[in-house]
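Chemist: Sequence:
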Amino acid sequence: MKLTPAGDAAITPPVHLEFIQNQVGQPEAASLEDIEAYHRALFLHQHAREFEFCAQEEQVHQERLLHLESRLAAAQARVSAMDSLLPVSVGGEPDVRPTAPWNGWDRTMFAAGALGIVVLLVFGVMNISFNLLESGLVTFTENPVRAYFWAALLPVGALAVKVGWDLIPGRTVRAAYLWICLGLGLAGVLAWMAAYAAIYPRLSQSAVDQLESVSVFDAGNRGPALAAGGATWLDMVTVVSQGAAEVFLSAVLGMYMTTLYLRHRPVRLAGNPQFLQWDEERRTLEQGVAAERRALADARGARTRLENQLAALLLYARSLFLREARDSHDRAREERRLLDGIASQLRRQLEGVEQNRVDGREPGLPRRGSDPVLGNGTP
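FYI, this note's numbering numbers position 169 of the sequence shown as 167, with every residue one higher than the one before it.
Among the clues, some could well be false.
The calculated label-pair distances, taken between Cβ atoms and stated as ranges, are [unchecked claim]: (1) 177 with 259: 18 to 26 Å; (2) 75 with 97: 33 to 41 Å; (3) 341 with 49: 55 to 63 Å.
Within a straight-line C-alpha distance of at most 20 Å, the following computed SDA-like cross-link-like pairs (lysine to any residue) qualify [to be verified]: (4) 160 with 143; (5) 160 with 254; (6) 160 with 170; (7) 160 with 191; (8) 160 with 173; (9) 160 with 94; (10) 160 with 294; (11) 160 with 113; (12) 160 with 119; (13) 160 with 172; (14) 160 with 181; (15) 160 with 150; (16) 160 with 111; (17) 160 with 140; (18) 160 with 260; (19) 160 with 141; (20) 160 with 64; (21) 160 with 142.
Calculated directly from the structure, the hints in this document are not laboratory data.
Remember, it's a predicted structure, so these values are computed and weren't measured experimentally.
Beta carbons are placed, not taken as given, at the ideal position from N, Cα and C, and that holds for glycine.
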């Protein structure tokens, strides 16, 4: 016989009905104790290993859980004592001071600086590329795109100068760097203006004026000094000063725009690296604690399930014993009732025999004057 609970498995070992029936004749209290002890021993004989396994699993997961909880408490204490965000270092100083809001003047200057950079670079690229194409060099006349790539050195140079300013850590050094670039840019503008003014009278003459000024007697007069490549020194100074002015002035305008932005930029905060590491450790420990709690719950659940199976088995055996005891009492009562009926019938028969003996008749003979068939007395 097996007892099947509401779960998915039967409770084993089964209740031993023969042992219960053997205990029916014993006193009830002692019999119940013997039945429970017998079925507990029978159950543990089959499931003792599972009980011990669940106990060891529970102990292991309990120790791990205590260790992880202690580490988690330490990590939470460290995380709670740290700031999750730290101010960004700007110019070697923490960015904790509030900045002024944008106003109309600063917005206008910022837009003007951006426009000036675009104008300078576009003008420089177009002018240098035009000069390269007009130089008559075969590499540029056959492939004009190369001239524009050569002219692209101007914005790249301006960007390089601006990057150098961004990489300087000290505020004083950055200010000196800016003023030096501004001085070089203004010097390039002045040199370009002077060179252009020197060659402007010759450029402003028309072709007719230049032909009229030509004379056979001017053969001994030497023209402007020429460089090694055949170009005049004034032309070289004009191109070089123009390129330098465009590079350094574009970089200075970029520095000015950056300064305007830093003056009105929002206060920036960055994640604390120590906080991030301990917070990651805390999350990992929380996952480990959750996993150990689930494992501990499984171990305790398995042990509780076995204990409940044992309790259900003992209760079922107890109920069978009580049922067998009631059946035994009912059978004894029925037998007693039958014996009492038989005894009362025998008693009545004995009383009849005794009465017949008193009346002078032999036992077994009909009464005088009675009909042996009808049993009635005759007169």
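Chemist: All hints are to be evaluated individually against the structure, with a verdict given for each.
Modeler: Hints, one by one, checked against the model:
1. Taking 18 to 26 Å as the suggested C-beta distance range, the pair residue 177 and residue 259 conforms, at roughly 20 Å.
2. Take residue 75 and residue 97: their Cβ atoms lie about 35 Å apart, and the range 33 to 41 Å holds.
3. Under the hint 55 to 63 Å, the C-beta atoms of residue 341 and residue 49, about 56 Å apart, fit the expected range.
4. Between the alpha carbons of residue 160 and residue 143 the distance comes to roughly 27 Å, so the proposed pair goes past 20 Å and is violated.
5. About 10 Å separates the Cα atoms of residue 160 and residue 254, which keeps this hinted pair within 20 Å; it holds.
6. The straight-line distance between the Cα atoms of residue 160 and residue 170 is roughly 16 Å, inside the 20 Å bound, and the hint therefore holds.
7. Distance hint between residue 160 and residue 191 is unfulfilled; the C-alpha atoms sit about 25 Å from each other, more than 20 Å.
8. This hinted pair checks out: residue 160 and residue 173 have alpha carbons roughly 13 Å apart, not beyond 20 Å.
9. In summary, the hint linking residue 160 to residue 94 is not supported, as the alpha carbons are separated by about 25 Å, beyond the 20 Å threshold.
10. Between residue 160 and residue 294 the CA atoms are separated by roughly 62 Å; this puts the pair beyond 20 Å, and the hint is violated.
11. Between residue 160 and residue 113 the alpha-carbon distance is near 17 Å, which keeps this suggested pair within the 20 Å criterion.
12. For the suggested pair residue 160 and residue 119, the alpha carbons sit about 14 Å apart, so the restraint of at most 20 Å is met.
13. The suggested pairing of residue 160 with residue 172 holds, with an alpha-carbon distance near 11 Å, which does not exceed 20 Å.
14. Distance hint between residue 160 and residue 181 is fulfilled; the C-alpha atoms sit about 15 Å from each other, no more than 20 Å.
15. The straight-line distance between the Cα atoms of residue 160 and residue 150 is roughly 16 Å, inside the 20 Å bound, and the hint therefore holds.
16. Taking the CA atoms of residue 160 and residue 111, the gap is near 14 Å; set against the 20 Å cutoff, the hint holds.
17. A hinted pair counts as satisfied when its Cα atoms are at most 20 Å apart, and residue 160 with residue 140 does not qualify at roughly 34 Å.
18. Distance check on the hinted pair: residue 160 and residue 260 sit about 15 Å apart at the alpha-carbon level, within 20 Å; holds.
19. Proximity of residue 160 to residue 141 is assessed by CA-CA distance (about 31 Å); at most 20 Å being required, the pair is judged violated.
20. The hinted pair formed by residue 160 and residue 64 fails the criterion: a straight-line CA distance of about 58 Å is larger than 20 Å.
21. Between the alpha carbons of residue 160 and residue 142 the distance comes to roughly 29 Å, so the proposed pair goes past 20 Å and is violated.
Comparing the model with each earlier hint shows violations of hints 4, 7, 9, 10, 17, 19, 20, 21; every other hint is respected.
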